[in-house]
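Enquirer: Go ahead and model the full structure; you've got the sequences and the hints to work with.
Residue strings, one per chain:
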Amino acid sequence: MPQVLVPTVCPYCAAGCGFFIAVEKERALGIEYMPEHPASEGSLCSKGNAALEILYHPDRLRTPLKRHGDGWARITWEEALDLTARGLGGPLKKYGPNSIGFFASSKCTNEENYLIEKLARVLGSKNVDGCARLCHAPSVVGLNRTLGAAGMTNPIKDLANSKCIFVIGSNLAENHPILSRWIHRAKDSGAVVIVADPRMTHTAWMADVFLQLKPGTDVALLNGLIHVIIKEGLIDREYVAKWTRGYEELAESVRDYTPEKVAEITGILAGDIVRAARSYAISPASVILYSMGITQHTTGTDNVQAIANLALICGHLGREGTGVMPLRGQNNVQGACDMGALADFYPGYRKADDPETIEYFRAAWGVDSVPLGRGLTATEMIDKAGTGEIKAIYIVGEDPANSDPCSQNVRAALDNLEFLVVQDIFMTATAQLADVVLPAAAWAEKEGTYTSTERRVQWSAKAIEPPGSARCDLDIICEIAKRLGAQFNYPDAASVLAEINRVVPQYGGITRPRLDDFGLIWPCPNLNHPGTPILHTQGFKFSEGRATIVPVSYKPAAEDSSWDYPFILTTGRVAVHHNAGSMTRRSPSLLEREPNLFVEINPFDALRLKVADGDEVTVTTPRGETVAYARITERLKKGVAFMPFHFPGTNILTSEVRDPEAMIPEFKVSACKITRRD
Amino acid sequence: MPVYVDISRCIGCRSCEVACKRVHGGSGHVNVHFAGDNASVPVFCHHCEEASCTMACFTQALHKVGERTAFDVEKCTGCGLCRLACPFGVVWTDKIAHKCDLCEGRETPACVLTCPANALSLDFELASRRARARAALVAAHGGRR
Chain A
123 MPQVLVPTVC PYCAAGCGFF IAVEKERALG IEYMPEHPAS EGSLCSKGNA
173 ALEILYHPDR LRTPLKRHGD GWARITWEEA LDLTARGLGG PLKKYGPNSI
223 GFFASSKCTN EENYLIEKLA RVLGSKNVDG CARLCHAPSV VGLNRTLGAA
273 GMTNPIKDLA NSKCIFVIGS NLAENHPILS RWIHRAKDSG AVVIVADPRM
323 THTAWMADVF LQLKPGTDVA LLNGLIHVII KEGLIDREYV AKWTRGYEEL
373 AESVRDYTPE KVAEITGILA GDIVRAARSY AISPASVILY SMGITQHTTG
423 TDNVQAIANL ALICGHLGRE GTGVMPLRGQ NNVQGACDMG ALADFYPGYR
473 KADDPETIEY FRAAWGVDSV PLGRGLTATE MIDKAGTGEI KAIYIVGEDP
523 ANSDPCSQNV RAALDNLEFL VVQDIFMTAT AQLADVVLPA AAWAEKEGTY
573 TSTERRVQWS AKAIEPPGSA RCDLDIICEI AKRLGAQFNY PDAASVLAEI
623 NRVVPQYGGI TRPRLDDFGL IWPCPNLNHP GTPILHTQGF KFSEGRATIV
673 PVSYKPAAED SSWDYPFILT TGRVAVHHNA GSMTRRSPSL LEREPNLFVE
723 INPFDALRLK VADGDEVTVT TPRGETVAYA RITERLKKGV AFMPFHFPGT
773 NILTSEVRDP EAMIPEFKVS ACKITRRD
Chain B
57 MPVYVDISRC IGCRSCEVAC KRVHGGSGHV NVHFAGDNAS VPVFCHHCEE
107 ASCTMACFTQ ALHKVGERTA FDVEKCTGCG LCRLACPFGV VWTDKIAHKC
157 DLCEGRETPA CVLTCPANAL SLDFELASRR ARARAALVAA HGGRR
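Top line first, the protein sequences correspond to chains A and B.
Numbering-wise, my numbering comes out as the position in the first sequence, counting from 1, plus 122.
Numbering-wise, my numbering comes out as the position in the second sequence, counting from 1, plus 56.
If you're looking for bench data, these hints aren't it; they were derived computationally from the structure.
There could be a bad hint or two in this list.
As the list claims (entries may be wrong) - List time: in silico DSS-like cross-link candidates among lysine-lysine, alpha-carbon distance up to 27 Å:
| # | chain 1 | residue 1 | chain 2 | residue 2 |
| --- | --- | --- | --- | --- |
| 1 | A | Lys584 | A | Lys215 |
| 2 | B | Lys131 | A | Lys147 |
| 3 | A | Lys188 | A | Lys147 |
| 4 | A | Lys216 | A | Lys506 |
| 5 | A | Lys584 | B | Lys77 |
| 6 | A | Lys216 | A | Lys604 |
Expert: Following this line, the structure appears as C-alpha cells:
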C-alpha cells in the first residue's frame, strides 16, 4: 500500500506551522516538511518534530471510564454518555442552569469550541470559558478597548519587513521558534531588535538592546518609553490627530515617568530606556511582540493597554512591518476566543451583556432563550466549585489541576463537585478527579479548522483513526447534547463550519473549499473576500475610525520579596516542552532533553544559599512547597528565580491574585524562598 | 555538500536533534552544544576534506564520495577507530559506526529543512554573504550587533 501524505497543522503552539503526516496502512509513520507554508516555510521546532510520538503512546485513553471505588471501571460509550447526561442534567434541573460549567479547549478545533459554547448557552448556562483566560484574556479586554480587535494585527511573515522589533515579555525563540527566522530576516536588512524580559532568554540572544526589568514593572517601562518619545517630540502627530482620541490625557499621565524614575522601578539603565524609545519611535516601521510576560499579571490589562498606547502615539499600526502582535500560546486559543468560548463573549466577540447579541443568537440558533450577561470565568468556576455554587463541570481537553495557580486548591475544589466529566486524550491530573472520563481523538485523528496566532484559519485533515474506541470530540459533544435535549445534528466538522460562516461575521467567507491552500486570515466577511492579513489599515472599529488611548499608571505586583520570602519567582517555558506538559512529558525525545523540574538561580544567590548546580532545593511560597533541581545561571538578576510550568510542581507555588478585569492570575510574580535539601 | 551553521542565528531549540533522530530511526547524529547562558551551536559531521575518520577506517567503510564523507554499513567492523579519530566527536559506534549521512535519499537534510531560525543552510554563498555582512556591521559600528 502506498504512502499517503496528509496535510496537518502542528498541535503545539499557535504559530500554525503546517506539515505532512506520512500514513501507510492507516498508521502515521513519519513527518514530511511543507516548504510552501507561508508562516513556517516548512520548518518545525523540536515539539513539532516529535508530534507523532504521542499518537501511539501506551497511556492514550482507549475506552470510557467510570470511577469505581478508588480505581476505574471500563464502561461502554452508551453508559458513559448516559451517565454524563444525567450528571449534568441533574444539577441543571435541581439548581438551575448556572450551577453547571463548561471548559472549552484551546487544543480543539473551532468547530468543537463553537459546539461546546453553543451547548452551554442553549442549556441556559452562562458559564463557559477556557484556558484563554490563563494566557491572553487581558489581550482580549485590552486590545478590544483600545484598537477594537483582539488578535495579531499583522501576519508572522510581515515581521521580515519591520525595521525595529520590540519583544516584551515573550521568549519566542523557545515558545514560537519559527518566528525567529523572520526576525533574523529583518535583522539582515538592518532592523534593530529590542528585547525586554526579566530573564536573559534565548530570545535576548537576538537582541541589540536588552532591557532586563524586574518582574511586574512592565507598565513603568512602557510609560517610560512613552515619556521619552513625547518629550523628544518623536510622536507621529498626523497619525495621533487623525486616528486616535485621548492623547492629551496620556501625555499628562506619563509626565512623571522620567527615565531616571523608571530606571529606579525597573532596574534598567536610564540610557537603555532612552535608546530603546528612540529606536522604536524613529524607525519607519516598528512592531511590538508580546506574550504571557505581559498578560499574566494583576496589571495584565494595563500592560496590554500601555503597549497599544505606545504603538498608537508612534503610528506604528496598519502598515507593513508594524503592528501589535500578541503571540498566543496554544494551537487554537485564538479560534476558541473567536468562537465565543469565553465567559464575556458570544461567537464573533459579540458582548454577552448586550441584549442585541441575545436576540441575534436566539433567532440564529432557533431556541427560546439564551442567557444574558457575563458568566463565570474559568478561574471563578473553580472558586465556585470550591464553595459549592457550581455543582457539575464538563471539561474538554484541559488540565486545570496542573495549569491553574495554587493547584492544590484547584484539586480540592474539583473534588467538591457533585459531578465532573473530563474528555481528554490522556489521564491528566484533572481526569484523575473525574467521575466519568471520555477518551477523545488527538489532532491527527479528527478534522476541522484551527486559527493560528496570525488569525490564519487552516484546515487540518484526519490522518488516522483514534485508538481503541476513542471518538472525536465533535461526536461526543453532539451525543451529550442530544441526550440533554438540544438539537445538535452535525454529521461532520464541515457542517459546523457552515453554521460558523453564518453566525460569525469575521468567518463569513472562510468556507471549507477555500481552505485548501494554507487557509485564510480573518476578517473574511464574504466568499469573494481574500482575507485581511493587516488590520487597521483604514482606521479602527470605533466612531470616526479613531482608536482609544487609555492612560494607565504603574501599580506594583501583588507580591514582593520580603524577609521571609526573599526571592521573586517568575515562570515560563522551555523549548522542548509545552504548557502543562501532558503531551510533551509523554514524548520520549522531548522528555529526555528536559526530564526534571528545575529552578534557575543567580550565582550570587546560590553562593549565599550554599547551593551548587544540580543540587535539590525546596522552593516555598505561602501556598506550598515543591522540590526542584537548582540551575545556576547569570540569565537572572539577583533576587529573581525562574521555574518552567511544564511540571506539576510549579503551579503549587504560583499566586492566585488576579487581574480585576481579565481575571487572569499573576503567574509571573510570586515571592518565594529557596532552601537546600539535605 | 556540507551543512553551514550560522551560530548567531541558532536559538538552541534542538529541533535539528529531534528531527535527525526521527529520520534516522532513533539514532541522531546532531548534538546542540550550549556555551554560556545563551550561545548554542549544533555540532555534527563537517564532512572534512581530509577526513581523519576515513584515514583511520581500514576497511574503507568510511570513505569520501565527492564532498561527502560516506559510510558503507556492509564494510563496518564496529572497531571504533573512527570514533577515536574524529576530532569533533561526531562519529559514534554502537555495534557499528553511525554519523551524519546528509540524509541520503532526501533532497535536503532534515535538519536544514526543520531549523526554525534558518541557522543551517547548504548554500555557501548565503553563509558567506551573511558572515561578510556581519563583519561589515562590526567594522562600521564597533562591537557585536
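Enquirer: Each hint: holds or not?
Expert: For each hint, the structure was consulted:
At roughly 38 Å between alpha-carbon atoms, Lys584 of chain A and Lys215 of chain A are farther apart than 27 Å, so this suggested pair is violated. A threshold of 27 Å between alpha carbons decides the hint, and for Lys131 of chain B with Lys147 of chain A the separation of about 34 Å lies outside it, so the pair is violated. For a cut-off of 27 Å, the pair hint linking Lys188 of chain A to Lys147 of chain A is broken: about 33 Å separates their Cα positions. The suggested pairing of Lys216 of chain A with Lys506 of chain A holds, with an alpha-carbon distance near 17 Å, which does not exceed 27 Å.
A distance of roughly 25 Å separates the Cα atoms of Lys584 of chain A and Lys77 of chain B; the hinted pair therefore holds under the 27 Å criterion. As the CA atoms of Lys216 of chain A and Lys604 of chain A are separated by approximately 20 Å, the hinted pair is consistent with the 27 Å bound.
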